[in-house]
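Chain residues, written in single-letter form:
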Amino acid sequence: MDDHWLTRASTIKGLWIAFVILLTATVLADFVVQHHPYFGMDGTFGFAAWFGFVSCVVLVAIAKALGAFLKRPDTYYDS
Amino acid sequence: MTASLVMWPAAVMIIGGLLLPLLRERLRQFALLLVPLLTLFLVWQVPDGPVLEARFLGFTLALVKGDALSRLFATVFAIMAFAGALFALNQNRVVELAAAFCYAGSAIGVTFAGDLVTVFIFWEMMAIASTLVVWSTGASARGPGLRYAAIHILGGVLLMAGIIGEIATVGSVGLGKLTLDSVPRWLMLIGFLINAGAPPLSAWLPDAYPESSWSGMVVLSAFTTKTAVYVLLRTFPGTELLIYVGLFMVFYGIIYAILENDMRRILAYSIVNQVGFMVTGIGIGTEMALNGAAAHAFAHIIYKALLLMSAGSVLYMTGKRKCTDLGGLFRTMPVTAVCGIVGALAISSFPMTSGFVTKSMISEAAGMQHLSVVWYLLAAASAGVFLHAGIKFPWFVFFQKDSGLRPPDPPWNMQAAMVLFAALCILIGIWPEPLYALLPYPVDYVPYTAGHVVFYLQLLLFSGLAFFLMLGWLKRTLTITLDVDWFYRRLGPAIARRLDRTADAAWARLKNAVDLGTRSVSSVIYSHHGPGGAFARTWSTSAMAFWTTVMLAAYLILSYL
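Chains as they are written, first to last, in the numbering used here: chain U, 1 to 79; chain Y, 1 to 561.
Next comes chain U alone, as it looks inside the complex (with noise of 0.2 Å):
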């Protein structure tokens, strides 16, 4: 059933290629794009690439924590 041209191994492989281009792309873009800092740091070499990365895997990394303790399962308040 699960045979569309989407699912395919090779078609996913041909995404993360183009994928890893496009993000090395934005980054080199930076050699030629003229950025206005407002505070120093953010205008340096690839600043919003190693920032959004860094900030998903803080965010993610909080929300495990919290989900230790504040997960339930579905069915918690039904009873």
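Keep in mind that the hints are not guaranteed to be accurate.
Taking lysine-lysine pairs in the DSBU-like style, the calculated list, with each CA pair at most 35 Å apart, reads [unchecked claim]:
#1 U:K13 <-> Y:K475
#2 Y:K401 <-> U:K13
#3 Y:K475 <-> Y:K320
#4 Y:K511 <-> Y:K322
#5 Y:K177 <-> U:K13
#6 U:K71 <-> Y:K177
#7 Y:K511 <-> U:K64
#8 U:K13 <-> U:K64
#9 Y:K401 <-> Y:K322
#10 Y:K511 <-> Y:K401
#11 U:K71 <-> Y:K401
#12 Y:K177 <-> U:K64
#13 U:K71 <-> Y:K475
#14 Y:K322 <-> U:K71
#15 Y:K401 <-> Y:K320
#16 U:K13 <-> Y:K511
#17 U:K71 <-> Y:K320
#18 U:K64 <-> Y:K320
If the Cβ cut is set under 10 Å, some of the chain Y residues that face chain U in the computed set are [unchecked claim]:
#19 K322
#20 S372
#21 Q458
#22 T481
#23 W486
#24 F487
Chain Y stretches covered by chain U per the calculated footprint, using a threshold of three residues with CB under 8 Å from any CB of chain U [what the hints assert, rightly or not]:
#25 53-62
#26 257-265
Keep in mind that the hints were calculated from the coordinates and are not lab data. Don't be surprised by glycine CBs; every beta carbon is placed ideally from N, CA and C.
Keeping the supplied structure of chain U fixed, place chain Y upon it in accordance with the hints.
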């Protein structure tokens, strides 16, 4: 246009809503589309300044008072009512449709209210109408709807107390900029913030909204929180506290959405997140920040409704809401998937979408005010939005695994509503000038500089990379995450049950003691006065004569002493 020719847009919408149940199906569908368009037309006929006034308790109420900010919010509310009605054409619960129109009309009423009393009246009408929208879903929504109503009644009571205090101390009902320097003003601020979904009571939103119907949540997402944003823009711009409240909402929304499994609760948390951006902008309070907050509210209503239409279509066609049950729907629901992705890109403020041209104004304002911590947190939050809503929602619903579900796209009207809003998201994104022209202050901001575009592309695409690298950690489980509502859904009832048991036991003991007491009293009386008791016996004549003699003798002796 003279004042006498201005019709009250809110009244038209509300009366239209109240008439809906009386109409036959064909006529009702016609009215559903016509009334919001008529309202939109009337919104644009309202000139600047007060145009409709009334006397109430010695005060002059400005029932309709126009300016740029009023028209901006009323416009998007009317557009929202139209698209919501188009999406809900095949909704057969007429109560929900009527309530939704009264709800939208009341929201428009707030935006044109020129004084605090009129704001309050429409504020409460919104609370009632929106509760009816939740309740019209059926038995499953009774509890959530009741909790929703309770929180909004609490907010309304605080707001009313604040307004009465303001009238008592200042003597005016005027709606204008306030400084946070008295108890009544604090009460008003708290009342407004409760509706905005601010901490600590934000749980009402993800608790109640996802329990409404597939069409109900689309309209619910638009009005309550955004009228709160509108009123905050009017009353408390530049109040520093709002920066911190807003930032808390931003991160609360992201973190809870990351942990959530129900697709519509993910989107509910992201409403809190997005309103957080607006509240932060209001707290910054410069013209650029206020423009950004107002513009973001406009854009947000459209892309959030679009996301909820996409989720609503999935719910309508499959009856399922949990990410764990969904996946792989892109095969047979291409229109729903594409529109959902457009909404997801817009909420993430991807370049060429509406979110990019509005949200970046708030960040820019923070940067220009040299609020470095605020700016860095907003940038981190922008990355987090792409993570929790931008990719998470479409990924888990339309891609992920193959759930085996093969539902087709929903009926034409639902698709039309989605395509309309998807087009608006992109149109505003590539041509923001018409929206900028509607903003309360002149706009001196160019969203599309190479620096901006590259910055956001890096930020968002690397968030995407983080999402796919951490997929294992983000795997959905059949869980919910406890929130402040735990206090009134679990702790409160538990304390009440405990008190109930303690009181029951105490009552039983008291009753026992009283029982025992009365029984012993009655048995004493019985033993003395009963058939065999000393006082009830029949005595012999000789004994009577003897005791009478004793008594008389005692009397004689006593009288001589």
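Verification of the hints:
no., hint, verdict
1, U:K13 <-> Y:K475, "holds (21 Å)"
2, Y:K401 <-> U:K13, "holds (17 Å)"
3, Y:K475 <-> Y:K320, "holds (18 Å)"
4, Y:K511 <-> Y:K322, "violated (52 Å)"
5, Y:K177 <-> U:K13, "violated (56 Å)"
6, U:K71 <-> Y:K177, "violated (42 Å)"
7, Y:K511 <-> U:K64, "violated (53 Å)"
8, U:K13 <-> U:K64, "holds (29 Å)"
9, Y:K401 <-> Y:K322, "holds (13 Å)"
10, Y:K511 <-> Y:K401, "violated (64 Å)"
11, U:K71 <-> Y:K401, "holds (23 Å)"
12, Y:K177 <-> U:K64, "violated (41 Å)"
13, U:K71 <-> Y:K475, "holds (14 Å)"
14, Y:K322 <-> U:K71, "holds (16 Å)"
15, Y:K401 <-> Y:K320, "holds (15 Å)"
16, U:K13 <-> Y:K511, "violated (78 Å)"
17, U:K71 <-> Y:K320, "holds (21 Å)"
18, U:K64 <-> Y:K320, "holds (25 Å)"
19, K322, "holds (8 Å)"
20, S372, "holds (5 Å)"
21, Q458, "holds (4 Å)"
22, T481, "holds (5 Å)"
23, W486, "holds (9 Å)"
24, F487, "violated (13 Å)"
25, 53-62, "violated (count 0)"
26, 257-265, "holds (count 4)"
In this structure, the hints that do not hold are numbers 4, 5, 6, 7, 10, 12, 16, 24 and 25, in rising order.
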